[in-house]
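S.K.: Numbering-wise (this note's numbering), the sequence shown opens with residue 2 and increments by one.
Be aware that a few hints might be false.
Quick list of in silico lysine-lysine cross-link-like pairs, DSS-like style, CA-CA up to 30 Å [stated by the list, open to error]: (1) Lys-355 - Lys-401; (2) Lys-235 - Lys-191; (3) Lys-272 - Lys-195; (4) Lys-281 - Lys-161; (5) Lys-234 - Lys-281; (6) Lys-195 - Lys-135; (7) Lys-309 - Lys-347; (8) Lys-234 - Lys-280; (9) Lys-309 - Lys-272; (10) Lys-136 - Lys-161; (11) Lys-135 - Lys-161; (12) Lys-161 - Lys-185; (13) Lys-195 - Lys-309; (14) Lys-281 - Lys-235; (15) Lys-135 - Lys-59; (16) Lys-135 - Lys-191; (17) Lys-161 - Lys-272; (18) Lys-401 - Lys-386; (19) Lys-195 - Lys-292; (20) Lys-355 - Lys-309; (21) Lys-59 - Lys-161; (22) Lys-403 - Lys-347; (23) Lys-309 - Lys-292; (24) Lys-292 - Lys-235; (25) Lys-386 - Lys-361; (26) Lys-127 - Lys-161; (27) Lys-407 - Lys-386; (28) Lys-386 - Lys-347; (29) Lys-185 - Lys-234; (30) Lys-386 - Lys-403; (31) Lys-292 - Lys-280.
Here are the in silico distance ranges between beta carbons for each label pair [what the hints assert, rightly or not]: (32) Thr-150 - Thr-50: 38 to 44 Å; (33) Glu-294 - Glu-342: 32 to 38 Å; (34) Lys-161 - Asp-208: 51 to 57 Å; (35) Ala-373 - Glu-260: 16 to 22 Å; (36) Glu-165 - Asp-99: 39 to 45 Å.
These are computed hints drawn from the structure, not numbers from a lab.
The beta-carbon is built from N, C-alpha and C at its ideal position, and this holds for glycine as well.
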Amino acid sequence: MDNWFRSKWFVRVISLAFAILFYVFVYVDANNSTNSDSTFPGKTQEMQTLNDVPVEIKIDENEYVVSGVPEYVNVSLEGSLGVLTPLIKQRNFSAFVDLRGLDAGEHIVEVEHNISADLNVYIEPKTVEVTIEKKATAEFPINVDFINTDQITEGYELGKYEIEPSTVSITSSQSVIDQIGIVKVYVDVKNIDKSINNREVPINVYDTQGNELNVNVQPENAVVSVDIDNPSKKVPVSVETTGELPEGYSLTSISPSVEEVEVFGTSNILKDINEISTKKIDLSDIEESGKVEAELSLPDGTMVPNNKVEVSVEVDKPTTITNVPIDVQDLEEGLEISFIEPDDAKMDISVVGKETDVSKLSAEDFQVTISAADLEPGEHEVLVKLEGPDGVETTGEFEKVKINIKE
């Protein structure tokens with residue numbers, strides 16, 4: 002053994018063996034380091050999750066409709082930043098379900114992707130249950146639903162309307178077509194006071210339970226025109242009064258300055274209106290003829306351009322004509338007459354008439370007489386006869402007078 006250690010060849014062989022071992026060790030370590038650095042820069046691995054990756058459906062869309070496929074899936078990506086970062090920024094990949102070659106019916110399929118094999122990909126959900134159905138198309142009439150009709154400007158109402166198109170073509174599966182209960186558009190008429198011309202509105206589709214259906218509608222919008230009417234009706238005006246004229250006055254006439262007014266409102270309200278009256282005029286405030294302004298009493302939901310009218314009032318104003326002489330007629334010859342009550346053969350007369358007529362009157366315009374025909378000597382009560390001009394009402398102070406006749 003000692004001789005071996007002293008041998009030059011032995012030492013050389015041992016040295017060569019150590020050199021080979023060292024070379025192998027360094028080579029393997031370097032190779033591992035190279036591979037590790039190329040896959041995981043910085044010797045780290047990154048994972049990121051995208052929550053809004055849309056799912057494409059690969060199928061003959063002219064022949065089939067598909068339900069059950071989620072609109073989006075969550076995609077988690079794991080790998081080196083050198084591969085991961087540009088992929089996330091560019092989003093140059095897709096998630097999809099490939100249904101080509103499958104028959105109509107229900108299927109469980111995998112959500113696939115076209116992401117680089119350098120990354121680990123995890124999709125949630127990984128599989129989905131889909132239903133493939135034959136495509137069907139049907140025509141439906143479009144209904145118009147007016148909303149906020151209780152908030153149309155007062156006095157206005159809906160008239161005729163037109164919608165273009167009047168029907169719509171809907172494409173979906175036969176099972177969905179069979180669920181369709183109504184197709185409609187909505188037209189908001191809140192605070193409206195003029196007609197709607199060519200308003201474009203979206204078309205909505207509902208099932209028989211009132212749930213909205215997401216179906217392919219052609220066209221997607223309709224054009225609606227609506228007449229907004231403001232109906233009116235001409236009706237006579239009447240005058241309403243309350244209270245009484247001051248004592249002694251009488252009402253000759255009272256009439257509005259216009260015979261009729263035009264009332265605006267909905268047809269349903271107007272059909273029951275046959276006249277419009279004024280609000281009550283208080284006669285106790287009137288002491289002479291003239292004009293007063295009166296507000297019209299309008300039913301709810303109606304209006305007139307001017308809700309006030311002038312009312313002409315004619316009153317008879319009382320006037321007293323004093324000391325009108327009492328003339329005695331038919332007194333027999335040889336007899337004398339004297340007045341007991343009144344004692345001066347005169348009386349006052351109350352006159353009611355138009356102020357213009359009454360103001361011109363005097364005692365000479367009246368004849369007050371009594372008849373003494375066939376009266377014997379003694380005291381008597383006799384009727385008073387009063388005559389005056391036309392157009393006025395007269396009331397004498399006395400209906401009878403007491404007289405004394407003597408020889």
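S.K.: Does each hint fit the structure? Answer for all of them.
M.R.: Hint check results:
For the given pair, Lys-355 sits about 28 Å from Lys-401 by alpha-carbon distance, which is consistent with the 30 Å threshold. As the CA atoms of Lys-235 and Lys-191 are separated by approximately 28 Å, the hinted pair is consistent with the 30 Å bound. Only pairs whose Cα atoms come within 30 Å are accepted, and Lys-272 paired with Lys-195 is accepted, the gap being roughly 22 Å. A threshold of 30 Å between alpha carbons decides the hint, and for Lys-281 with Lys-161 the separation of about 40 Å lies outside it, so the pair is violated.
Proposed proximity of Lys-234 and Lys-281 is supported: the alpha carbons are some 23 Å apart, at most 30 Å. For a cut-off of 30 Å, the pair hint linking Lys-195 to Lys-135 is broken: about 47 Å separates their Cα positions. For a cut-off of 30 Å, the pair hint linking Lys-309 to Lys-347 is broken: about 50 Å separates their Cα positions. Among the hinted pairs, Lys-234 with Lys-280 is consistent with the structure: their alpha-carbon atoms are about 20 Å apart, no more than 30 Å.
Among the hinted pairs, Lys-309 with Lys-272 is consistent with the structure: their alpha-carbon atoms are about 22 Å apart, no more than 30 Å. As the CA atoms of Lys-136 and Lys-161 are separated by approximately 37 Å, the hinted pair breaks the 30 Å bound. Under the criterion of a C-alpha separation no larger than 30 Å, the hint pairing Lys-135 with Lys-161 is inconsistent with the structure, at around 40 Å. At roughly 17 Å between alpha-carbon atoms, Lys-161 and Lys-185 fall within 30 Å of each other, so this suggested pair holds.
Of the supplied pair hints, the one linking Lys-195 and Lys-309 holds, its CA atoms being roughly 26 Å apart against a limit of 30 Å. Taken as a hint, the Lys-281 and Lys-235 pair is honoured in the structure, with Cα atoms around 21 Å apart against an allowance of 30 Å. Among the hinted pairs, Lys-135 with Lys-59 is consistent with the structure: their alpha-carbon atoms are about 15 Å apart, no more than 30 Å. With a C-alpha separation of about 43 Å, the suggested pair Lys-135 and Lys-191 falls outside the 30 Å cut-off, and the hint is violated.
For the hint pairing Lys-161 with Lys-272, the CA-to-CA distance comes to about 19 Å; that is within 30 Å, so the pair holds. Note on Lys-401 and Lys-386: the hinted pairing holds, with a Cα-Cα distance of about 9 Å set against a maximum of 30 Å. Simply put, Lys-195 and Lys-292 have alpha-carbon atoms about 38 Å apart, too far for the 30 Å limit, and the pair is violated. Under the criterion of a C-alpha separation no larger than 30 Å, the hint pairing Lys-355 with Lys-309 is consistent with the structure, at around 27 Å.
A hinted pair counts as satisfied when its Cα atoms are at most 30 Å apart, and Lys-59 with Lys-161 does not qualify at roughly 47 Å. Distance hint between Lys-403 and Lys-347 is fulfilled; the C-alpha atoms sit about 12 Å from each other, no more than 30 Å. With a C-alpha separation of about 13 Å, the suggested pair Lys-309 and Lys-292 falls inside the 30 Å cut-off, and the hint holds. In summary, the hint linking Lys-292 to Lys-235 is supported, as the alpha carbons are separated by about 23 Å, within the 30 Å threshold.
Simply put, Lys-386 and Lys-361 have alpha-carbon atoms about 22 Å apart, close enough for the 30 Å limit, and the pair holds. For the proposed pair Lys-127 and Lys-161, the alpha carbon gap of about 55 Å is over 30 Å, so the pair is violated. The hinted pair formed by Lys-407 and Lys-386 meets the criterion: a straight-line CA distance of about 23 Å does not exceed 30 Å. A C-alpha spacing of about 13 Å is found between Lys-386 and Lys-347, which places the hinted pair at or below 30 Å, so the restraint holds.
A threshold of 30 Å between alpha carbons decides the hint, and for Lys-185 with Lys-234 the separation of about 35 Å lies outside it, so the pair is violated. The straight-line distance between the Cα atoms of Lys-386 and Lys-403 is roughly 14 Å, inside the 30 Å bound, and the hint therefore holds. The suggested pairing of Lys-292 with Lys-280 holds, with an alpha-carbon distance near 15 Å, which does not exceed 30 Å. Taken as a hint, the range 38 to 44 Å is violated for the pair Thr-150 and Thr-50, whose Cβ atoms sit roughly 50 Å apart.
Between Glu-294 and Glu-342 the Cβ separation comes to about 50 Å, which falls outside the hinted range of 32 to 38 Å. A hinted range of 51 to 57 Å is violated for the C-beta pair Lys-161 and Asp-208, which are about 30 Å apart. A hinted range of 16 to 22 Å is violated for the C-beta pair Ala-373 and Glu-260, which are about 55 Å apart. Checked against the given bound of 39 to 45 Å, the beta carbons of Glu-165 and Asp-99, roughly 41 Å apart, stay inside it.
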